[in-house]
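Order-wise, the sequence lines are chains A and B. The numbering used here applies: residue 1 is where the first sequence begins, and numbers increase by one. The numbering used here applies: residue 1 is where the second sequence begins, and numbers increase by one.
There may be inaccurate statements among the hints.
Stated by the list, open to error - Computed, partial: chain A to chain B, Cβ under 10 Å:
hint : residue
1    : R32
2    : V45
3    : A48
4    : V53
5    : G163
6    : L224
7    : L226
8    : E229
9    : A281
10   : D308
11   : D317
12   : I319
13   : L320
14   : G443
Hints were generated in silico from the structure; no laboratory data involved. Glycine included, each C-beta is placed from N, C-alpha and C at the ideal position.
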Amino acid sequence: MAAQAKQLNESPAGTAAARWLPDLRRAVDRLRQREDQLALLLSLVIGAVVGLVVVAFILLTGRLAAHIYPAGSAGWRRVAAPTLGALITGWFLFRHFPGARGSGIPQTRAALVIEDGYISMRTVLAKFFLCCGSLASGIALGREGPSVHVGAGISSVIGRRLGLSREQVRWLIPVGTSAALAAAFNTPIAAVLFSLEEIIGDFHAPVLGSVVISSATSWMVLHLVLGDEPLFHVASYHLANPAELGAYAVLGVVGGLGSAVFVRLLLSLRLRFLALPRRTAWLQPAVGGLTVGVMGYFVPQVLGVGYDEIGRVLNGDVILRTVLLLAVLKIVGTAVCYASGNAGGIFGPSLFIGAMLGASVGRVAQFAFPGHTAGAGAYALVGMGSAFAGIVRTPLTSVIMIFELTRDYSIIVPLMISNLVAYFIAQRLQPVPIYEALARQDGIHLPTAESRAEHERISVQRVMHAAPDPLSLAMPLAEVLERLNGNAVDDYPVSDASGFRGMVRRDDVAAALTTSPDSTLASLLKAPNAEGADPHTSAHVHPDHAIGIALSRMGAAGLTVLPVLSRRNVHDLLGIVTLHDVLAEFGVGGLRGEGWDGG
Amino acid sequence: MAAEIAPPGPPPAAVASAQTFLVTFALVFAAIAGLFLFDSFLAGVQQRAGRAEAAARYREGEALLARGDARRAVERLKAASAIERTNSRYALALGEALLQAGKGEEAAAVLQPVLERDPDNGAASLAMARVLRAAGRPGDAISFYHRAIFGHWTGVEAVERTRVRLELVDFLAARGARQELLAELLPLESESPADSMLQRRRAHLFISAGSPARAAALFRAMLRRDESDADALAGLGDAEAAQGNYRSAEANLTAAARLRPADAAIGAALTQVSRIRVLDPTQRGLADGERQRRGATLLGHALVVADRCPAVRADSGARLVLDSARAELAQRPGEQALAAAAERLMDRAEQIWRLTEGCSEGGTADQRAAAVVLNKLSE
Chain A
1 MAAQAKQLNE
11 SPAGTAAARW
21 LPDLRRAVDR
31 LRQREDQLAL
41 LLSLVIGAVV
51 GLVVVAFILL
61 TGRLAAHIYP
71 AGSAGWRRVA
81 APTLGALITG
91 WFLFRHFPGA
101 RGSGIPQTRA
111 ALVIEDGYIS
121 MRTVLAKFFL
131 CCGSLASGIA
141 LGREGPSVHV
151 GAGISSVIGR
161 RLGLSREQVR
171 WLIPVGTSAA
181 LAAAFNTPIA
191 AVLFSLEEII
201 GDFHAPVLGS
211 VVISSATSWM
221 VLHLVLGDEP
231 LFHVASYHLA
241 NPAELGAYAV
251 LGVVGGLGSA
261 VFVRLLLSLR
271 LRFLALPRRT
281 AWLQPAVGGL
291 TVGVMGYFVP
301 QVLGVGYDEI
311 GRVLNGDVIL
321 RTVLLLAVLK
331 IVGTAVCYAS
341 GNAGGIFGPS
351 LFIGAMLGAS
361 VGRVAQFAFP
371 GHTAGAGAYA
381 LVGMGSAFAG
391 IVRTPLTSVI
401 MIFELTRDYS
411 IIVPLMISNL
421 VAYFIAQRLQ
431 PVPIYEALAR
441 QDGIHLPTAE
451 SRAEHERISV
461 QRVMHAAPDP
471 LSLAMPLAEV
481 LERLNGNAVD
491 DYPVSDASGF
501 RGMVRRDDVA
511 AALTTSPDST
521 LASLLKAPNA
531 EGADPHTSAH
541 VHPDHAIGIA
551 LSRMGAAGLT
561 VLPVLSRRNV
571 HDLLGIVTLH
581 DVLAEFGVGG
591 LRGEGWDGG
Chain B
1 MAAEIAPPGP
11 PPAAVASAQT
21 FLVTFALVFA
31 AIAGLFLFDS
41 FLAGVQQRAG
51 RAEAAARYRE
61 GEALLARGDA
71 RRAVERLKAA
81 SAIERTNSRY
91 ALALGEALLQ
101 AGKGEEAAAV
111 LQPVLERDPD
121 NGAASLAMAR
131 VLRAAGRPGD
141 AISFYHRAIF
151 GHWTGVEAVE
161 RTRVRLELVD
171 FLAARGARQE
181 LLAELLPLES
191 ESPADSMLQR
201 RRAHLFISAG
211 SPARAAALFR
221 AMLRRDESDA
231 DALAGLGDAE
241 AAQGNYRSAE
251 ANLTAAARLR
261 PADAAIGAAL
271 TQVSRIRVLD
281 PTQRGLADGE
291 RQRRGATLLG
301 HALVVADRCP
311 AVRADSGARL
321 VLDSARAELA
331 QRPGEQALAA
341 AAERLMDRAE
351 QIWRLTEGCS
361 EGGTADQRAA
371 AVVLNKLSE
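So that you can see chain A by itself, here it is in the shape it has in the complex (with noise of 0.2 Å):
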């Protein structure tokens, strides 16, 4: 046997085996150890697969959808066909998936944040096909949602199968957001901003490079299967008159009202439906979807996402009674949907709220200002803008995603004025964002973009004191200690004719007297040349950093007091800053009055 053995080894295919087998682990472990190159190759194979997986969730609803309403059906159909479609998903939503409930961005948001990164496979496979199954049926929902959710999921379970660390697992979260997003709009600059904007919130991420990589990646992908047509096909709109801003800017007001009535009824029924008894969650989405039903018995736009409905409008297919009445259905009925615990998002539904609120007022505006207006398709485009940018409160990424669906440059400072004006009513008048109120409901708190921005506002300026007159180099340790024992804090800084040369510490004055009592505080500090002398490199702040930084840097180099330098010349001390000074601007410990005394 032995002799067979080594026979087996001996063999051509054997040997050409263990030549180069070790060969590629020995790759494969270089490139584990290579993050920049692995976080490469990551992110192009997660925005093929998640852009091939997305392009098959929408073509998968559309097909579905042709079966469920073949062409010519039978009125009953609308009815039966999303209240059926809700009864199944939620059954299988309550009893065995309860992970894709939901739209899937709040849900993402907690994976990023308080679960790693993780999203399991089987989340993954049930988000996608209950809904594809509850869109198809006709369920007032948006695809794109989900599609992140299932995007997110994809690069969680991607990345936890390689072995990767949770920290890096944690970060593949928005490369995967940004790939589906990409492909489910074709629109990768907005993909990549919404992943910053929205699921990471910091524009500033480190995971920027392979968020563009992957939106790309799921771009070309969806490019090569399904060709290079936009979202939607729109006329080129153009400012027929600079007067005609301030109608735009009423169209941000109107989008602000009607994106806060349909977040409050959204969430105030959601909290209803919460209070009914649990063991009638897999009937909710029944109601949500007899609702949709009955509604779309009488007018059939209100089914699904619309974007047939939405392309009309922006052409200017425009009569005002059909598009208020169906902006204000759509409010309902993706309202009800989605409280009652269907799956599905919201992106879509926005838009075309968005679409049939712009066109009303286009219409109006045209009625009172004939010849000085743009078409109403010009408005409904617009009007999509502002009630993204009012529900989903991401105003940036809502005005490049407008940009790029219609791939027109000429309506974009009307674009922008609405969506800030829509922007500022809705936070007015709802001031948490949706997605952070429905986790709350849910008993999970996400951080939100005030709460990250909070400690970035208050600067090292506002707490620093003036510097003390500094220790010279030629001074006796005796006396320097003297000086420290004087003094509440710890630290101290020392400078010489070039200027601040750095901290010194009480403790290291008082070892270094009892070895070398006639020293100086030259002795104490590092030559110049020598690593960590230079300014430049040892622990200090700016006057403009945030006091978040100076905490975390007195952390790092284990002291109580930071220099204050200059961003012009690093030698010239401004000031300094306490670890006491940090605390009491927060307010801890009642510490506020107390401080650096200046020796």
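Chain A is already provided as a structure; the job is to place chain B on it using the hints.
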């Protein structure tokens, strides 16, 4: 017997991780390949279904358009065009439906991308010509008619070109653009020399284009082929009447009436020519007195039309001219001054007739005959 080889132990941790890494990537790449195939299949199914639906909508739209229901036809054709955006046939049908529904601007917006993709598309150019014609932009419409004539067609190009040219010709005839009409009529002969119906139509249009001699030549050619061609005789009569050869016109129309006594049009034309013949003062061989009498009759007719023309009544200068003309009409010239009087009366009649431009439609049969003569004098 050799001892059994101990089975290999579990691989060391580093080697297992690398294996998992490799297997995972292999699975992922396999998934990419599988998904790509699946998506391509689904996309193909989607495209086929889309094309079938678009075709169904197109057929419905065409049927509705044929029944005259342009509004519903627009809905169906819009749906078809939205599914297959690059299908020119659907876009053209939609453009036509929009035009029939009175939405010319929308029709132009639909046709523009088709022309941008294919500037030589004959059908698209024709559709745009019709849109511009309805929009009251004749110059642009004519330009697109020409593009349609010289563009490429999916059917038999010669047939399409002739059809388009005939449509243009009718348009120009309706506008009274004689020179442009003549320019379009001339190439028709080379395009369809053997088509007798077309030749007949050309001949009549030559008269409208102010080239009755060419019309007469065509009608004579038809009569050489068939002497008993009543239509050709009547046409020749019209052509000769237009040339002022009223006796010959009368003779041909009489011959046509004999061949087709129940034809009211020929009868009316004959009557009209006869009236004109007795009114036209420019015929050869007329005595001065007869010319003077006919001149006075024409002046009288011109004054009648001028009196009921709002533009003339509102113009004080024009009223002075009318008063002066009435004064001349009341004069009784002597035998020696008949020729001069005839000339004055004809000049005055022509002058007043020019003032009544736009007011000279309708009237009795005699007034219509007088109008023909006065128009001829004014040319």
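For each hint, the structure was consulted:
The beta carbon of R32 of chain A comes within 7 Å of a beta carbon in chain B, closer than 10 Å, and the hint placing it at the interface holds. At about 6 Å, the closest approach between the beta carbon of V45 of chain A and any beta carbon in chain B falls short of 10 Å, and the interface hint on this residue holds. Taking 10 Å as the C-beta contact cut-off toward chain B, the hint placing A48 of chain A at the interface holds, the least distance being around 5 Å. Contact between V53 of chain A and chain B, as hinted, is supported at the beta carbon level, the nearest pair being about 6 Å apart and thus within 10 Å.
Hint on G163 of chain A holds. Least Cβ distance to chain B is approximately 6 Å, under the 10 Å limit. Satisfaction of the interface hint for L224 of chain A is found here, the shortest Cβ-Cβ separation to chain B being roughly 8 Å, below the 10 Å cut-off. Hint status for L226 of chain A: holds, given a least beta-carbon distance of 6 Å to chain B, under 10 Å. Hint status for E229 of chain A: holds, given a least beta-carbon distance of 8 Å to chain B, under 10 Å.
This hint is violated: A281 of chain A has a C-beta 33 Å from the nearest C-beta of chain B, more than the 10 Å allowed. Here the hint on D308 of chain A is kept, as its CB sits about 7 Å from the closest CB of chain B, short of 10 Å. Taking 10 Å as the C-beta contact cut-off toward chain B, the hint placing D317 of chain A at the interface holds, the least distance being around 8 Å. Contact between I319 of chain A and chain B, as hinted, is not supported at the beta carbon level, the nearest pair being about 13 Å apart and thus beyond 10 Å.
Interface hint at L320 of chain A: violated, since its Cβ lies 18 Å from the closest Cβ of chain B, which is beyond the 10 Å cut-off. Look at G443 of chain A: its Cβ only gets to about 34 Å from chain B, farther than 10 Å, so that hint breaks.
Comparing the model with each earlier hint shows violations of hints 9, 12, 13, 14; every other hint is respected.
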